[in-house]
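Line by line, the protein sequences are chains A and B. The numbers in our numbering rise by one with no breaks, and the one at position 71 of the first sequence is 71. The numbers in our numbering rise by one with no breaks, and the one at position 131 of the second sequence is 131.
Be aware that a few hints might be false.
[Unchecked claim] Take a look, some chain B residues computed to stay more than 10 Å from chain A by CB distance:
#, residue
1, Gly17
2, Tyr21
3, Gln25
4, Gly63
5, Pro77
6, Glu86
7, Glu91
8, Glu161
9, Ala173
10, Gly174
11, Gln175
[To be verified] Pairs of lysine-lysine residues, derived as DSSO-like cross-links and limited to a Cα-Cα distance of at most 30 Å, are as follows:
#, chain 1, residue 1, chain 2, residue 2
12, B, Lys32, A, Lys52
13, B, Lys89, B, Lys32
14, B, Lys38, A, Lys52
15, A, Lys52, B, Lys27
16, B, Lys103, A, Lys52
17, B, Lys147, B, Lys38
18, B, Lys89, B, Lys172
19, B, Lys38, B, Lys89
[As the list claims (entries may be wrong)] Simulated coverage check for chain B against chain A, where a stretch passes if three residues somewhere in it have a Cβ under 8 Å from a Cβ of chain A:
#, stretch
20, 33 to 41
21, 102 to 115
22, 132 to 141
Just so you know, these hints were derived from the structure itself, not from any lab. For each residue, glycine too, the CB sits at the ideal point set by N, CA and C.
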Amino acid sequence: MRVLIALLMALMAVPLAAQGDVPPAPYAYRQLDDPAQEAAAQELMETLRCLKCQSQSIADSDAPMAGDMRHQVRIRIADGEEPEAIRRWLMDRYGDYVSYEPVMSATTWPLFVIPILLVLLAMLIFRRRFRGRT
Amino acid sequence: MSWRLWLPLAIFFGFLGLAGYQLTQPKDDAIKSTMVGKGLPYFMLPPASLDRPGVDSRYFHQGEPKLLNIWASWCLPCIAEAPQLEQLKQEGVEIVGVAIRDKPVDVMRFLTDHGNPYTRIGRDDLSEVQLGIGSSGVPETFVVDGKGVITYQHIGDIRPEHVPILLEELRKAGQ
Numbered sequence: 001m002r003v004l005i006a007l008l009m010a011l012m013a014v015p016l017a018a019q020g021d022v023p024p025a026p027y028a029y030r031q032l033d034d035p036a037q038e039a040a041a042q043e044l045m046e047t048l049r050c051l052k053c054q055s056q057s058i059a060d061s062d063a064p065m066a067g068d069m070r071h072q073v074r075i076r077i078a079d080g081e082e083p084e085a086i087r088r089w090l091m092d093r094y095g096d097y098v099s100y101e102p103v104m105s106a107t108t109w110p111l112f113v114i115p116i117l118l119v120l121l122a123m124l125i126f127r128r129r130f131r132g133r134t
Numbered sequence: 001m002s003w004r005l006w007l008p009l010a011i012f013f014g015f016l017g018l019a020g021y022q023l024t025q026p027k028d029d030a031i032k033s034t035m036v037g038k039g040l041p042y043f044m045l046p047p048a049s050l051d052r053p054g055v056d057s058r059y060f061h062q063g064e065p066k067l068l069n070i071w072a073s074w075c076l077p078c079i080a081e082a083p084q085l086e087q088l089k090q091e092g093v094e095i096v097g098v099a100i101r102d103k104p105v106d107v108m109r110f111l112t113d114h115g116n117p118y119t120r121i122g123r124d125d126l127s128e129v130q131l132g133i134g135s136s137g138v139p140e141t142f143v144v145d146g147k148g149v150i151t152y153q154h155i156g157d158i159r160p161e162h163v164p165i166l167l168e169e170l171r172k173a174g175q
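Next comes chain B alone, as it looks inside the complex (with noise of 0.2 Å):
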């Protein structure tokens, strides 16, 4: 019998290898942003709440590295990683806030329940600053480094494991 035979079995077995391998990988479903490494596109967003300002791009183009905290109120994952942004702010670190498609009556409620890390909280309603810097969901969090380039985009929230690796990624944008 010629080995050839066996082919078609063996890559039918190949195939099926490589279907239960892929099933033992976990799921990706993280949207990388492909703007990692450009500069912020132009934005102007009037205040989310009654007691920050609101957000303009060229904020970001004036010296320290920031972060770039894309949340909502009406988001659950954020209340997980409310602690987490409170201990970046201890560590120094400037956290501006998008709020997408919210509302600044939640916005107070959120903030009051869960601390306020923001110094300026811009109200985006209608996604576009979301869109404008490919981000794909709520939250995000942007490393933009001092002249308004985003070099670091960390995707859903933030755990306490994650904190330094965005000082690590902060000190990197200041340098």
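Next up, chain A with everything else stripped away, as it sits in the complex (with noise of 0.2 Å):
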């Protein structure tokens, strides 16, 4: 019975396997050999988001596609192009969503702005309930 149970499992995880079955990019999980090159790679891997794992970076995740991701990353910088450069290719592609740096655009503008209007706001307040005091 237990044996049986077993082969039942096995079976199921065929189709888990499947995705599996083609090797990793050469450099998803491969570093490059220049550490100073790495460390460029590896600080713009965590600034990229993962687009299968939306709440990944590229640098966390497993995902195959983070992986081919990773090894775009680092042959690119491995050719000696700025991380910055990567970033723009990637956000021409994807546009704001793939990167974790916050970027000031239509869109975003009211973030920065709002929180500086409250603390605007909170001295305003302050300073009328102090000054009634004294």
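Dock the two chains into a complex; use the hints.
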């Protein structure tokens, strides 16, 4: 019985294994030989968003597509490309979405402006309160 | 009592209402490609199957609009869209496939089981073409006009109701 269950479970695992059939991209899990280049690649990868697993960076994710993105980042860095140029290349394809580095744009400016306004408002209220007391 | 006293409570309920409304809205996870309206990047992919040639991006610069279908044999929704691709092929649409992280033996098995609507199938083992055109998953389908410019992106499997939309987009791309 136990063998039967084990066999059944082994069968169920087949579709899961299918996607892992193809080996990962050469530089998905392999670091660059030059430590300085690897550090630059690592720094960039931590600020690029995985497209499959939407709340992880590609440095954190084991999704095959994140591996392919790490491969792109590493070979481009090894090729001498600037990290910001690689980020721009990805943002040209996926928009702001792919970058974890916030930029001020037509849709994001309230995120930067509202906190400043709230602090100013709080200061105003406090000033009036304390002036009234003394 | 001053009306101003009620202001924080009003703001709180306003926020609650907004959050409640957002909860009722369907979640949209799709990441749209910002390559729509731009030219295909240059690429050359080896064949992914034994009976279809690979894909050279220059092929899209020749005349008629085509569909560029990003798929994989390990992708379940790709099975669901197979009949719709077949229908598009029957309508005279040329469909070029790009198989993501796939092996020829698996590609051949998939095509035997679910039909082969493709004239060419390229093998993209490193998702290079997928990343190059801003696609974030399988399946996705791009309309490419006769000059190699992407004019439309369909995210997810093609359901029967999407077929007329794609035909219309192809017609527009052909003008």
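Status of Gly63 of chain B, Cβ more than 10 Å from any chain A Cβ: Consistent with the label, Gly63 of chain B stays out of reach of chain A, its closest Cβ about 26 Å off (over 10 Å).
The output says Gly174 of chain B does not contact chain A. Does that hold with a beta carbon cutoff of 10 Å? Holds: least Cβ distance 25 Å, greater than 10 Å.
Hinted pair, alpha-carbon criterion (30 Å max): Lys147 of chain B, Lys38 of chain B. Please report holds or violated. 10 Å, holds
Run the distance test for Lys38 of chain B versus Lys89 of chain B: straight-line Cα separation, threshold 30 Å. 25 Å, holds
For Lys32 of chain B and Lys52 of chain A, compute the direct alpha-carbon distance and say whether it is at most 30 Å. 13 Å, holds
Is Lys89 of chain B close enough to Lys32 of chain B, meaning Cα to Cα at most 30 Å? 25 Å, holds
Least C-beta distance from Gln25 of chain B to chain A larger than 10 Å: At about 17 Å from chain A, Gln25 of chain B clears the 10 Å cut-off, so the statement holds.
For the stretch 33 to 41 of chain B, count the residues whose Cβ lies under 8 Å from any Cβ of chain A; is that count three or more? holds (count 3)
Against chain A, does Ala173 of chain B keep a CB gap of more than 10 Å to every residue? 20 Å, holds
For Glu91 of chain B, which was marked as not at the interface, is the minimum beta-carbon distance to chain A over 10 Å? 30 Å, holds
Lys89 of chain B and Lys172 of chain B: Cα distance at most 30 Å? 18 Å, holds
Counting residues of the stretch 132 to 141 of chain B whose CB is closer than 8 Å to a CB in chain A, do you get three or more? holds (count 5)
Violated hints for the displayed structure: none, as all numbered hints are satisfied.
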